[in-house]
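Read off the chains here:
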Amino acid sequence: MVTEPTGGEAISRLARIVVPLALGVLFLCVWEVLVRWLQVPKFVLPPPSLIFESLINDYGTLGASMWNTLEITIAAFFVALICGVTGAIVFTQSRLFEISLFPYAVVLQVTPIVAIAPLILIWVGLDHTQRALLILATIVAFFPILSNTTLGMKSVDHNLLNLFDLYHASRWQRLRHLQLPSALPYLLGGMKISGGLALIGTVVAEFVAGSGTGTGLAWRIIESSNRLNIPRMFAALLLLSALGVIIFFGLSAVERSLLRRWHESAIGREN
Amino acid sequence: MRGAKEAHDYRYKQCGAAGTLMANSVSVLAPKTFDHGSSERPLIRIDGVGKTYQNGTVALADVTLNVCGGEFLSLLGPSGCGKSTLLRMIAGLGAPSTGVIDWPQSRYDFSGEPERSLGFVFQEPTLLPWATVFDNIYLPLKLAGVSRREAEPRIGEVIRMVGLEKFVRHYPRELSGGMKMRVSIARAIVVKPRVLLMDEPFAALDEITRFKLNNDLLALWQQQQWTVIFVTHSVYESVYLSNRIAVMNARPGRIMTVLTIDAPYPRNDVFRTSPVYNEFCRVTSAQLKRTMIDADDH
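Top to bottom, those sequences are chains U and D.
Heads up: the first sequence begins at 1 in my numbering, then just goes up one per residue.
Heads up: the second sequence begins at 1 in my numbering, then just goes up one per residue.
Keep in mind the hints are simulated off the structure, nothing from the lab.
Just so it is clear, the structure is predicted and the values come from calculations on it, not from any experiment.
Don't be surprised by glycine CBs; every beta carbon is placed ideally from N, CA and C.
Treat the hints with care, since some could be wrong.
[Said to hold, decoys possible] Quick list of the computed label-pair ranges, beta carbon to beta carbon: (1) U:THR86 x D:ARG169: 32 to 38 Å; (2) D:SER111 x U:GLU71: 31 to 37 Å; (3) D:ARG251 x U:SER94: 35 to 41 Å.
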């Protein structure tokens, strides 16, 4: 049943936000105090206050870099989503496609992205690093969506398949009204993994591409490290994690809203 | 209403399945004698049907049975006797390895498939979890290309028939087991089938719910003049519901005997507690037991 949150639930929901937040603040305070007290040099470990200062002062550069990284991440995520779902549909429609193509999808997945990055960079041309970043991040993000959606489409209740056969459903009807909705929880699970992987893929690709990109957050980290501007490095790192967290919670929210009324994963137990 | 019921009985008698037996008696007849005594063409003719799976398991062997228009026929037997397999093959889900199942009263399309006009109720409710009660019932019509607006009056009608008016917008997981089964039945009957195939539909329900659904099903059957083929492993349920019971046996699955339950409809809770009912149950149980002993001797 869909129930209103009771008093107890509301408290636990609040606690879920407050407790980790309090822990974080405590951690930052201890960090700050220890660094100042032990007089750790700021190029080894800057105090949090300095990191925040750097974040605010350098927000012009860092913000622009963040948008750049985010742009590639989002683009890669959507390309991976489209390719992954299309791949899964092709796989489940034809066994021949599946047995012939799936091994290559695995090869693409297990080959370290750092190792193929230089090749991709050369292929797309050194003037088009953005494109290379997009391709690399897509390769990283693509597999969880493909494999999860394929699994989901195959996990359709056999009786429901019989039912569709009984009513002479066409291939398209079966796909549209049975297989895709059945696969949705799996797809959303894959999307949550891929969202994070798209960001990781983008950052790794930026690292490999090096100065050619010049604009992403990863490059800011390298640049700050070269200049021993450690506070700025931390600030860039902070922005990267923030991006990852936002992507994860954003996709979780999408998942909840789509599965809210029917899927076990989105509904609390009644006992 | 009364006229419809008489027509129903008449149609049923024409196939030669009833009317020949004395009231308050259980008649045990060999299926072949029984079915071939009919002058009217049966609705479904099952002739020498066997099913052997790829791994060599013989699920069914030489099943011969005629299904008459308008009757309530139960397939009763222990698990593994192939009753569900038989039901699925009647529905056209999987072909028999030997023998034929044909529909003498139906038209055949160009691919040799008969126009079956049937509704199927599975053991599990088998609903789409992401769709509301309304959309679940709408599914067969949607697959047949009927628009939502066109389908709406018919869906409203079957929702009233199964008594789910208040739950139209609910999702399956918000319903009890009995209500889910009602949705499943509504989905099966929304296409106005001639034949309703039910595969142990109430096996997972508690007794009170099962009795209620038994009564509702009988009332609908009488009112709508369906032919029902009902798979069950419960002697009591099959006696309560059926005109005829085909008692089946396992390893390999086959029909041992066909019993006629010659008690008048409407049947109700008075019938369920009557000595007549008990006697029918006793004899049916004895038949089932005997077939199982026979099987052990094999």
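Practice item. Check each numbered hint against the structure and report the violated ones by number, ascending. Key: Hint 2 is the one this structure does not satisfy, whereas the remaining hints hold.
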